[in-house]
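With these hints in hand, go ahead and build the complete structure from the sequences.
First to last, the protein sequences are chains F and P.
Quick note: the first sequence uses my numbering, first residue 1, plus one each step.
Quick note: the second sequence uses my numbering, first residue 1, plus one each step.
Please note: incorrect hints may appear among the correct ones.
Claimed, not checked - Covered by chain F, per the in silico footprint, the following chain P stretches (three or more residues, Cβ under 8 Å): (1) 26-36; (2) 142-149; (3) 208-215.
No lab work stands behind these hints: they were computed from the structure.
Idealized CB from N, CA, C, for every residue including glycine.
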Amino acid sequence: MLAHLDRAACAAVPAASIVVLLLISLAPWIGDRATPALAVAAVHYWAGRRPDLVPAPFVFAVGLAHDSVADAPFGLMALVYLFVLGAARSQRFLSVGQPFAAGWAVFAVVAFAASAIAWAGASFYYGAALPVGAPAVVLLLTVLVYPAVAGALAVLDTAALKRSG
Amino acid sequence: MQEQRAGPEVKAETPVQATLRRAVFALLVTVSLGALVIGKAEVYVFDWAKSAVGDLLAPVLHAVTVPVRAARDIGSNIGRVAALTEENSGLRAENARLRQWQALARRLDGQNRELRRLLRFDPGEEVRTVAARAIADTGGPYARSLLIDAGSRQGVRPDQAAVSGDGLVGRVMSAGVRSARVLLITDRRSHVPVLAGPDRVHAILVGDNGARPHLRFLPRNAALAPGDIVVTSGRGGVFPPGLPVGDVGAAVKSAGGVEIVPHVDWTRLEFVRVIDRGAPDVVALAEE
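Here it is, written out as structure tokens:
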């Protein structure tokens, strides 16, 4: 019974870490300055490492929660997270088991495409081409912070792997 | 460079499972796109859903806010220690100046009361305020709003003004039971009727999702200089008149209008006061 619970807790680590990083990125801590999209980095990491533990309906729900709290057009971040999930899964062979720089480069490309989708979706929603400066800053911060996020998640990943035996 | 560990072996899917997974994925992408397209038509069910999720997550966001703020404050305080001596002497000088202003304000306040009594002046509406903590913000590139931990239960309703100690923050856009969303004056959907400069010329303050909103619809002959104060005009009935908003920026004429530097320090905004002017809730009245 306990072993079963332990395995379930380990299996919940990816989902829990995505939710925690989303909440941290939404907390009002640096005012109107851009914050990195931490949850996007986490979805990319876990979709590559543990695709079976990051199901699409969960990622969709996280996206809708993000849209709701951040007042983004409804469905926009859900679409972005689904794109990151699909891209990371399909490009898994390029990032997992490869030098870290390769995984980082793959993430940069995926994050750029996700940012472009978010910009296009928001521009469509508001009926005007939005400025690209702010999304570009968020993209840059997200790519720069990826090694730290991936490192922290790798520690969790290792701990969860050990516990699940 | 360190090599990424190979991932754990993922269970091989049967063809049926793989097809099902792809079908679910495609369905969710379609639903997301559909929500985006339908949401453009301002479907109120989405606003309701956003309020409901805000209410649901309000306690969690409130709990996350405390350690995150503590971490932020530690970081910013370390940076400030070096500048404390200089800041202290500056504050002493400012304090002396403010004491002079305080004495003047008290004298004028007494004079004002006496004149009002002589004129039998009607002070107008009663104003009540609701204090609330900011529990989430959208420092994101596509919206500028705050989620606060007070909702309809505390008397917060849409179209009430939100202020901080420094000045106007924005207006309540939607209210759930225990949370509400405040649209900041920097959001591109924000339009605030204001009076600018010593001549008190009318204009509309419009946000653009950047740090500095702009004045639009200024009279052609309006003469504004950097540092001129901008306050709410009270037109439209949403914002009470006379609330300080910001100062005219150094770049007086930019391509999008006159740039305004908001008085509110967004990086330190922790609490807001929502102004309840006792105006009837038009939505509730319409529903009745």
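Evaluation of the provided hints:
| no. | hint | in the structure |
| --- | --- | --- |
| 1 | 26-36 | holds (count 8) |
| 2 | 142-149 | holds (count 6) |
| 3 | 208-215 | holds (count 4) |
Every hint, counting from the list given before, is met by this structure.
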